[in-house]
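Going by the numbering used here, the letters in the sequence shown line up with residues 1 to 601, in that order.
Everything labelled a hint here was simulated from the structure, so no lab data went into it.
Hints are supplied without guarantee of correctness; some may be wrong.
[Unchecked claim] List time: in silico DSSO-like cross-link candidates among lysine-lysine, alpha-carbon distance up to 30 Å: (1) K400 to K325; (2) K411 to K101; (3) K197 to K77; (4) K593 to K227; (5) K446 to K482; (6) K33 to K193; (7) K208 to K260; (8) K227 to K197; (9) K144 to K529; (10) K227 to K247; (11) K525 to K493; (12) K236 to K144; (13) K543 to K93.
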Amino acid sequence: MEKIKTLKFSELENLLEGIQKPGRYVNHEVGTKSKDISKIADFSSMVFMALIFPDIYEIGMPNLGLPILYEIINKIKYFSAERVFSPWIDFEKKLRDRKVKLFSLENRIFLDCFDVLGFSVQHEMLCTNILNIIDMSGLKIHSKERGGRFPLVCAGGPAVVNPQPLSKFMDFMVIGDGEELTIKILEKVKTYKKSSKGKLWFLKEISKLDGVYAPGLYKFYYFKDGKISDIKPFLKVKKETVKDLNKFDIVLNPVIPNIKPVHDRFAVEIMRGCSRRCRFCQAGIIYRPVRQRNVNSLIENSICGIKNTGYDEISFMSLSTADYKDIGCLLEGVAGFMNLNKISVSLPSLRVDSFNLHLAELIGSGRRTGLTFAPEAGSQRMRDIINKDISEEEIIDCIKVAFKNGWEKIKLYFMIGFPFEEDEDIEQIVLLIKKITNTAKDALPKRNFRRFKINVSINAFCPKPFTPFQWVGQDSTGSLVKKFNYIVKNVPKKFVQISWSNPQASKIESALSKGDSSVGDAIEKAWRKGAKFDNWTDMFSYKIWEEAFKESGLDINFFATREILPDEILPWDIIDIGTSKKFLFNEYEKSRKCSRVQNKI
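Put together the whole structure using the sequences plus the hints.
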């Protein structure tokens, strides 16, 4: 790449006329770190990477992984990373009508001029956005049809632990932690760029690294019924793991968004991984082992980050934040240096058995944000099946602590459609919500109780790869609707506000999460029919996806609702996530033993 092509600012100004939220597409935020290309004398000595979050700016900016990679890459003098987000419908139309290719934020570099395009795939419903961005870059969406050596197109993130559904579109995939691996890959790109070798040579070279899967180097064979008969070569790709998080400081000077993002706060990852072993939770498996940051460094860096950014909220992030061994010390240390009357502290992913009076006092000493808890299930039987080792007594005691310390609003997460679920388990969700309401009535002063509100989020359970429930089929859409309607009808409406996930969207998510490479055909057809922003309720069309699977000769139920036999070769068996298939199946068998037949309602 001898010359980089960019969009002039005057051209951008013309494009932004009449566009909603133009701040999504302009640079000049505080904290940008990309290289100034006007000062680069020799572009051939540089490696340029586009970090692409395939959703809009407001959703992508708070993502925790993006600023980490952005900072690590840009610290190296011969690497430069720039950010890219999905354009909203109005701006996409303007770009396509005027035949302008998609470009990055910082230097407005057209995407086909980058050396590497790296997609962050946080969930499966981003797949059509990914194809849309590749197409808007002026590139062929199929990796085999892209001529030339650059740009290389790759993807990472939790949704590519099963890399097969996106395999037709990617040159390679990154499995696991990206901090060290991304730099190793870019170093190899630098060598490749200076050479005259072909792309196949490069893919073979990077596939020697832990955490790199190059789909073109593997071949899958199938039985007539669509099940996998063999994979050749059967060489497993070992997940990349950062053993010590303390090698990488938290980002102290993140980019400050131009417009308000969905989470407007200073985010700090305090721990990676989870020791709780909930059987439904993919993240709890794929982010193992548990690694915790040093508490003294966290205190110092948290204070520095708040001062640098001016945020009035700090969020301590992990899969189970209250399980961080030094959480009390961390909160006390931060509180000791900050005026918590003006700063709020949020702890996402609170477990009810880890929330106590001391934590409540520490969090509540500042401006209060809402408290979110995830009982997941209403009955003890179901919590035993999913290995959510909390009792109803612990749930109620936790809620009492929150109410007695002044919280008037809480959010509860439940899932429906678990394996071995009976009608009584759904009834118990309603009964638990009623018990929590009664607890609030007893614990809150009368004047506060009038403002009391429970926000309940009901999600359809989606079986995921690398969990003990990867062999089960998803509950039918009709069954999920019936269960949700029962909950809505019977909860105390005066105090409870319920939201829930579209079960048809969950069905597509399940099919994409457990699909093989043939599902890529359905993704492509859905995108060509207009599917995009499928995680947005008002944008999702089940009809489009249904037609796309049918026209691809595929049955959605084969991937989404079918029970998988224990001896089947799974599309993701080529990946070594660090937990054995035998262990996962043994956990599935344990969940079966916890279940018992109950009478229907």
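Hints and how they fare:
1. K400 to K325: Holds. K400 to K325 sits at ~23 Å (cutoff 30 Å).
2. K411 to K101: violated (42 Å)
3. K197 to K77: OK: K197 and K77 at ~24 Å, within 30 Å.
4. K593 to K227: Within the cut-off at roughly 28 Å; holds.
5. K446 to K482: Violated, at roughly 36 Å.
6. K33 to K193: Given pair K33, K193 holds - Cα atoms ~23 Å apart, limit 30 Å.
7. K208 to K260: violated (42 Å)
8. K227 to K197: Violated. K227 to K197 sits at ~37 Å, over the 30 Å cutoff.
9. K144 to K529: Holds, at about 22 Å.
10. K227 to K247: Roughly 43 Å between the alpha carbons, so the hint for K227 and K247 is violated.
11. K525 to K493: violated (42 Å)
12. K236 to K144: At roughly 23 Å apart (the allowed maximum being 30 Å), K144 and K236 satisfy the hint.
13. K543 to K93: holds (23 Å)
Of the hints listed earlier, those the structure fails to meet are numbers 2, 5, 7, 8, 10 and 11, in rising order.
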